[in-house]
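Asker: Each chain, written out:
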Amino acid sequence: MSAKKWLVCFVLTLLVLILSLGAFNWAVDPFGLFGDRFMNWYAYDMTQNPRSSKIAWLDAHHDEYDSYIIGCSSTSSYPTEALNRYFDARFFNMIMYGADMYDVECESRYIIENYECKNLVVNVYIDNGLHYDQESDEMTYSQHAKTEGSNLLSYYLRYLYAKPKYAIDKLMSASSDTYLKQSFDAFNPQDGTYDKRARDVEHISDTESYLEAYPVFGNYPTIHPVMTHIDDTVGSLARIKALCDQHEVNLVVVCAPVYYEYFHCFRREDVRRFYSEIAAVTPFWDFSMSSVSYEMRYFYDQTHFRNCVGDMALARIFSDHTVYVPEDFGVLVTPGNAEAHIDAIYQSGPAEETDVSAVVPTLLYHSISPEGDNGNGMVVSPETFEQQIAALSAGGYTAVSLEQVQDYVRSGEPLPEKPILITFDDGYQDNYTYAFPVLKKYHMQATVFVIGVQVGNKTYKGTDYPITPHLTDRQMKTMAASGLISFQTHSYDMHQSSAYEEGRARIDMLQFEGEDEQAYIDLLKSDLKAADEQIAGISGKEPIALAYPRGAYSELAATVVAQSGIAVTFTTEPGANVVLKGVPQSLYGMHRRFVYEKTTPEQLLSYCSVARG
Amino acid sequence: MSFTSFPFLLLVLGTLVLYYTVPGKAQWFVLLAASYVFYLWASPILGLYPIAITLITYLAALRLSALNARKGSMDKARLKRHKRAMCALTLLSCFGLLFALKYLDGVLVTVGALTGQKFTPLSLVVPMGISYYIFQSCGYVIDAYRGKYPVERNFGKYALFVAFFPQMVQGPISRYRDLGPQLSAARRPDAVFLRDGIQLVLWGLFKKLVIADRAAAVVGTVIDDYSAYSGGIILFAVIFYCIQLYGDFSGGIDIARGVAELFGIEMPENFRRPLFATSIADFWRRWHITLGGWMRDYVFYPLSFSRPFSALGRFARKHLHGAAGKILPTSAVTFIVYFFIGIWHGSDPKYIFFGLWNGVLITAALLLEPVFARIAKAVHLDRECALFRAFRMVRTALIVLIGRYITRAETFLGALDMLSRTVNTFALEPFADGTLLKLGLTAQDYIVLGVSLLCLLIVEGIQERGVKIRRSLGGKNGFVQWLAMFALTAVVLIYGFWIKGEIATGFIYMQY
Amino acid sequence: MEELIALLSEICPSIDFENETDLVDRERIDSFELVAIVSTLMDHYEIELDVEDLLPENFNSAEAIYRLIESRRG
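Protein chains in written order, with my numbering: chain A, 656 to 1268; chain B, 70 to 581; chain C, -18 to 55.
Since the hints were derived computationally from the structure, they do not count as laboratory data.
Where hints are given, some of them may not hold.
[Claimed, not checked] Stretch by stretch, here's where chain B covers chain C in the computed footprint (C-beta under 8 Å, at least three residues):
(1) -1 to 5
(2) 29 to 38
[Claimed, not checked] EDC-like mimics (lysine to aspartate or glutamate), calculated; alpha carbons at most 16 Å apart, straight line:
(3) A/Lys660 with B/Asp259
(4) B/Lys387 with C/Asp24
(5) A/Lys836 with A/Glu1210
(6) B/Lys217 with C/Glu38
(7) A/Lys659 with B/Asp259
(8) A/Lys773 with A/Asp861
(9) A/Lys851 with A/Glu736
(10) B/Lys217 with C/Asp31
(11) A/Lys1180 with A/Glu1157
(12) A/Lys1132 with A/Glu1188
(13) B/Lys217 with C/Asp(-3)
(14) B/Lys149 with C/Asp31
(15) B/Lys149 with C/Glu33
(16) A/Lys773 with A/Asp743
(17) A/Lys1096 with A/Glu1038
(18) B/Lys217 with C/Glu33
(19) B/Lys152 with C/Glu33
The structure displayed is predicted, hence computed values, not measured ones.
Built from N, CA and C at the ideal position, the CB exists for glycine as well.
Modelling step: build the complete structure from the supplied sequences, incorporating the hints.
Answerer: Written as structure tokens, this is what we have:
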């Protein structure tokens, strides 16, 4: 090869190499800037860099939205569904982790100037006063060049020639992707929020168990932040306000709820100046300090409030009285009341435990029958049953319905003084024969969890094997009509008996080992749907609760169950239930105490009182 | 502007295009302009240093040349006095400046520490590459003093010699008689030069980015916190430091020489496979050759023939018999030269020890050579056999390695501490328990580094046998040539630029 | 000339001074040897050599060295 030919070859080789390296990042597109044509995985891209890839997403999809909410990570706790309902709009959540007001201003400007934007909700967090225009990583925290007005070519080149680690990570993650979110795909691209499906079905009960799960609240880190960027932050807000006025965008500014220990880390004079200056720019809803701030169970972690609190905040703004909102939660701050308001929030304190939460001991029965059982003591004789119920009644306990408990949590409707829940699993005919009369006699509400496929059966479904007879439609109708008994699901057919099944028995709602995830989810959904239709057909009410067969559940099962419209779930774990106003998670994974033939009325009463703490 | 940065690539490409389009007479000017763009890029103010040095040495050389021309018409002794004064004044001002910039703080602090007084450091900014162009231009002044070569009368061309951008920040240190005519020559693009230049640049990038920058990660992690590691890991890191230093410095020189070749200019070699050195003196003939050459021409020879050392030599030859009598003065001068080489590296006292370490060993080797020869003869050892050569290579490498403890440690005492830990806390377990993966490199990095080092060793082994790699490659068939080019380009692009360790480092020798 | 070659060979026994013409340029002799050669020449021929004479072209071959000595003695 002559030297000349070598040179030509070299230039071509170099070009091809450079182009192929770029093509790799373009095709895998770990930041979603080039359309993510092949993987179409914006949940991943947004997690990598929400600032940039959300803009890339919106450039292609902005006609699906007409309103935006924007701010740092706590912004994700305002549920899109509630925003859409209250504003009668289609919201996209422009949350960017670690965002400061510089980010918010750039992105807001771009959105207002380039997309249709009716409403803009700006969520200000107290630590926005600490930082301004900080970019901690040029790949994962950088703004889109379009929003920042920087050089587009060098911006795209930077991502085109980003080190391959990002693209390789994306490919590796794709192979281990699951239905639930993982650390690498934390976003819902459709509305821009964090994927909290699994997060929001966690079991929440009393403060002690919460502290065990979130020890940070027991030993809250003390820091001494100084708000050095109040002027920058408020300056950005003022420009956003001007922009909204100019483009006739409805601007709503909210200051997010802050956990009280974090709030008290800030210097009072900083907070005063920060809030008064914001009020001077625009009236804003302040949720930062109230009794909510003192209740750790309203927070996911040390700085992020829960979605249910976002629901409360929006309900306050829109005066929705069907949702529980503590009275001191949320004030519209104007220049006129700013000073007084700031003094007031420093006076706030925790709510009385008994005002916001209730203890609900829950009993678990199966069969009530004089015939006794084969030895495990779970069949309770009618006499014993009546003694137990009589004792509870005499002890001042009122058995309530699930709906009552749900109303308490959702809208703060009061419960009777000593509420308990009485539940029956499996749906045996003897519940009608022996238990129902007793319940009527003492006027106790109860919940029966039926196995859908077994309704009316005297033999195991599809076989001749005799089993304890199950309730029939008619019996269920009669019971439901009394107003005392509610029917809920114990799965339609996911509580099989391995003795009678030919293949692998589905004894509970857990995924089989090695079972395809999507097939399992589909099965779970169709089972719940079948149960739903059956119970609604018989009792006239769609079930809202599920008792997990064998008490067994997983995060995935709980997520799918919640998505199917189930608001209350029960396990067979013994222990107390504390339900908390405004926290629907306190209705998930509720504990129950097995009641046996040998359980004495004293034991029962003692459980109920211990459970009350 | 780093050699591995995008602006540098643009500068080289832009300069190339201009260089080969302007008329031959203006070509040197393009290089001069590019050189000052390169230099002023970092800081316009610091650009005054090379201009000042250029001016001083230019005028001094002119004056010396004028004095030389008056050889016949002037009293010889007076002429010599004149010339000496002129030369000394120039060298003093240049080296005085270098001293003030680089050493004054260190000296003040040391003196202060010794006398208990406190000096405020001046903290002057050391402009990049100042040692290199001061050495280069002072060599030129001494040549003018000796009058053996014509001086450059065109100020611009001389300024280009001082500031020629590929070499000005880290060498090689050239002589005017070699480089000057090449810089001002008119040239047409030559495919062979271009090809060879590109190959050399790629090879330099490979050594710097793929090898040195990876090795650097381990070095930084371990040595900056060496007390946290056991002896084995410290030794491992110092070996990596040797690799880093060689890859970094020789890679940088290859890039510089390669870029110069693109302009049809050949610069002197600065490294000749130091790993293959068989003695510490041999090592210094292979490492930083142009500095060694400068020291030889402008320190070693003049000192050897200076009056005191000549007298010492005569005295020794008369009174001491045998080898010692012949080489005593040479040894003394050698010792001084290595002392200078030591302090050339920096103002910290540790560099004096580094100089002494080399000086003592080389001097000792010189003095003991006859003894070794006698012993070898007595035990019938063939000192040229392959096995003994290998032994000498390993021995030399060990000596160099110990010297590297001194240059890399914070202080001389730190170096001693590191050495003692290497020996006293040596353990092999850390090499198997995953410690290696916590030093800043991934398993993949180690593999890349290992394979790259193997390639480097093979190539240098072939070169050591006298094969000119690029020439011999040029004779191979087209596919082999393409494969070599493709592999090198791909490795540099992928493992040099694309997949980089988190720690990217500047060129070490730019500080000198 | 023979005298010179004998003298040189004594200092650097391994070098063929009769035929080598690139002693310095190809680094056949190193700087120590060069200094040794120059000192020996100065003693033996009773001439004054200066550092300015240490040019490669003066020492590349025995012939060149011979010419150098002649020029100094003349």
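Asker: Looking back at the hints listed earlier, which ones does the structure fail to meet?
Answerer: Per hint list: 1, 8, 11, 13 violated.
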